[in-house]
Amino acid sequence: MCKAAALHRYLYITFNRSFIVNKFLIKDLMVPISEYATVPVGATLFEAYLALEKAQEEYDHDKYRHRAILILDKNNQVIGKVGQLDVLRALEPKNEKFDRFEDISKFNFSSQFIMRLHEQYLMQGEPLSDICKKGAQIKVEDLMRAPTEGEYVEEDTSLNTAIHQLVRGSHMALLVTRDNDIVGILRLTDVFAAIFHTMKECGIDDQ
Amino acid sequence: MNALEKLFIRIVQRVNINLRELEFDAKPYVWDLIPKNQMTKFYAFYGIAPDHPLSLQFKHSGLAGSYFLGQCRVSNSLLYKCDVRGDELKKKGDKFQFKDFKIPIFRDEEIVIEDSAFIKTLIHNFSHDPETLEKFFIKDTISTHYANIHGSPSSGCFLGPFSTVDLTTMWDCIIGTFSYVQAGEISHLNIEPGTVWVQSPGAFNFLYRYPIEKLKDYIYFSAGIKPQGIFMDFVESRKEDFQKVFDVVNLEPHLNVPESASLDRYAVIKPKMDIGENVLVSQRAYLENASLGKGANVQENCFIISSRLEGYNVTAHGAKIIEANVGKNVFVGFNSFLRGQPGNRLSISKESIIMPHTIIDIAEPLTIPSGHIVWGLVTNQDDLEVNSISIADLSKIKTRFTKGNMFFEGSGKRFVSAFQDRIHHILKANGAFFNSSDNSDQGHAQKNQNMSFNTIQPYPRGEHEGLFPTIMIQP
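Protein chains in written order, with the numbering used here: chain A, 1 to 207; chain B, 1 to 475.
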């Protein structure tokens, strides 16, 4: 590509990024909190799943499915989030031997070596055999993660800033606030879809 | 508060600043461990030998009961009953091999201790860090009972009792009780108690971790309490024997030893002893009712009781052998505790390697076959099956294997040869292969015979009570 063409492409993309962030507002892209899967503190893992399923059926009809559950305290304030990985992590076998594998990486063993150890260990047992029991026993507060400072975004913040927050923190979603209340969830998947929708509309491939 | 207490606070603060990332506070661990009223009670002393350069400098430090040899500078530090043995430091003109580099040594190496506190710690060997070959530095570091800092420059570290850092530069690390680390260079690591880690990057990686509840019977250390357990009971019960040796200025040798052997004047020797040629017994070693065959060596803080060592044995710093028969060319690593019982003896067959920080404590007879490598906690035959492998089998490992609490990755062959090369080097350095007919292969056993000792004393009273005046000792 010649210098002039490269400059033209740069200006085009810059312009369109500006266009994207102006075209979409956070409140347009976010999922309102009322449509999101939530459970109170004290709920079991299974109850959390039922809430997720209900939210899916009632509100989310697009092809991107809910992937997390918000945990509310008695004042209905969000105090944590449970994602798919958190659930799988909670279902893994937990004992002293397994925990000891976890920190072996600090002794400079290769990741391949550590993976083999896990495989060997998991093959010895049947980690998912008591999944029903675990689903009824595990409380959401035992596996939830409290949102970090970088996971909140004000409703009227520019989408550009929100994108930066998602990228910088490798977050799957941000909690959207209005006057310190959480009013919605801005999901990575919705932001991603909006950007590519815009690209498609402006026919960037033809340039 | 006198100068000594102020100094201690300063040292603790410097260590804490270095270890802030690990959220560690050294004060509750060590404040009562250094007996401040005893810092006036014991003299310090140094060796003079024709074969070692002499350059000592002590400044604003307490040195009670500590020993120095070679080239060493100590400032703003507290040393209680420590050994700082500079008889293996590099000399001007030596060449240090590091990977493809052959680095010339441009001046005699010295041990430089600053802003540190050590209790009954051994500092020995030479700096293996290619970035600091002429200066074996130890600063902002605290170590506790019977720790070994062996060829390991240190900055901002804390070492628990009976821990060893071997040939490893360490920055801002906590080395847990009875842990052994030989890893080249480490930083900002908190090594849990009972960890045995031997790593040569790109070649092999060995890790064993003790079952912590069982280890507590042998050694336990926590904030606010002194180290306790079988190890401490064992050494404390023999403390008075050492006191006698240190109280007497001129001690007449009461045991005939071959001319090629060396029995340190500050070792405890109790009947009946049989010492072979080229044997080296270092200071603070304890021998009782034992036989040491040709070329055997017993290093600092070792105890050999009711045992027979066939010859060419390395018993590394702090190892203890009780009621055992030990075959030729057996290596017993740092701080190992090998205890048989009368009538239930431990037999270690020839050419076996007992890894550093191994505990073999048996109530029934146990034999370790020849050419085996043993690690971890062994109390019976079943434990031995889990915690040992033949050297031949280990040499065949090319990728990885695990056994019990032990993890190994890399080349077994290189792991074995690293140990065997080192054992040979230790025997050679200690004079085990000395040939009296042509005086070849002299080592510590022969050179240490020509040694005399001077004592130095601290301020007995006043603001500087327990501290030593600034002293420079030059040839």
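FYI, nobody ran anything at the bench for these hints, they're computed from the structure.
Watch out, some of these pointers could steer you wrong.
[What the hints assert, rightly or not] Straight-line C-alpha distance at most 30 Å; calculated DSSO-like pairs for lysine-lysine:
id	chain 1	residue 1	chain 2	residue 2
1	B	K95	B	K41
2	A	K106	B	K59
3	B	K6	B	K92
4	A	K106	B	K447
5	A	K106	A	K54
6	B	K413	B	K95
7	B	K350	A	K106
8	B	K226	B	K36
9	B	K95	B	K81
10	A	K106	B	K36
11	B	K216	B	K226
12	A	K74	A	K54
13	B	K270	B	K447
14	A	K106	B	K239
15	A	K106	B	K413
16	A	K106	B	K272
17	B	K81	B	K239
18	B	K403	A	K106
19	B	K95	B	K135
20	B	K226	B	K328
21	B	K428	A	K106
22	A	K134	A	K74
23	A	K54	A	K133
24	B	K91	B	K398
25	B	K102	B	K59
26	B	K216	B	K239
27	B	K92	B	K102
28	A	K106	B	K398
29	B	K90	B	K59
30	B	K403	B	K428
Tested hints:
no., hint, result
1, B:K95 - B:K41, "42 Å, violated"
2, A:K106 - B:K59, "38 Å, violated"
3, B:K6 - B:K92, "38 Å, violated"
4, A:K106 - B:K447, "42 Å, violated"
5, A:K106 - A:K54, "42 Å, violated"
6, B:K413 - B:K95, "27 Å, holds"
7, B:K350 - A:K106, "35 Å, violated"
8, B:K226 - B:K36, "15 Å, holds"
9, B:K95 - B:K81, "33 Å, violated"
10, A:K106 - B:K36, "38 Å, violated"
11, B:K216 - B:K226, "13 Å, holds"
12, A:K74 - A:K54, "21 Å, holds"
13, B:K270 - B:K447, "24 Å, holds"
14, A:K106 - B:K239, "39 Å, violated"
15, A:K106 - B:K413, "24 Å, holds"
16, A:K106 - B:K272, "48 Å, violated"
17, B:K81 - B:K239, "12 Å, holds"
18, B:K403 - A:K106, "20 Å, holds"
19, B:K95 - B:K135, "15 Å, holds"
20, B:K226 - B:K328, "38 Å, violated"
21, B:K428 - A:K106, "35 Å, violated"
22, A:K134 - A:K74, "24 Å, holds"
23, A:K54 - A:K133, "22 Å, holds"
24, B:K91 - B:K398, "38 Å, violated"
25, B:K102 - B:K59, "35 Å, violated"
26, B:K216 - B:K239, "22 Å, holds"
27, B:K92 - B:K102, "14 Å, holds"
28, A:K106 - B:K398, "22 Å, holds"
29, B:K90 - B:K59, "24 Å, holds"
30, B:K403 - B:K428, "33 Å, violated"
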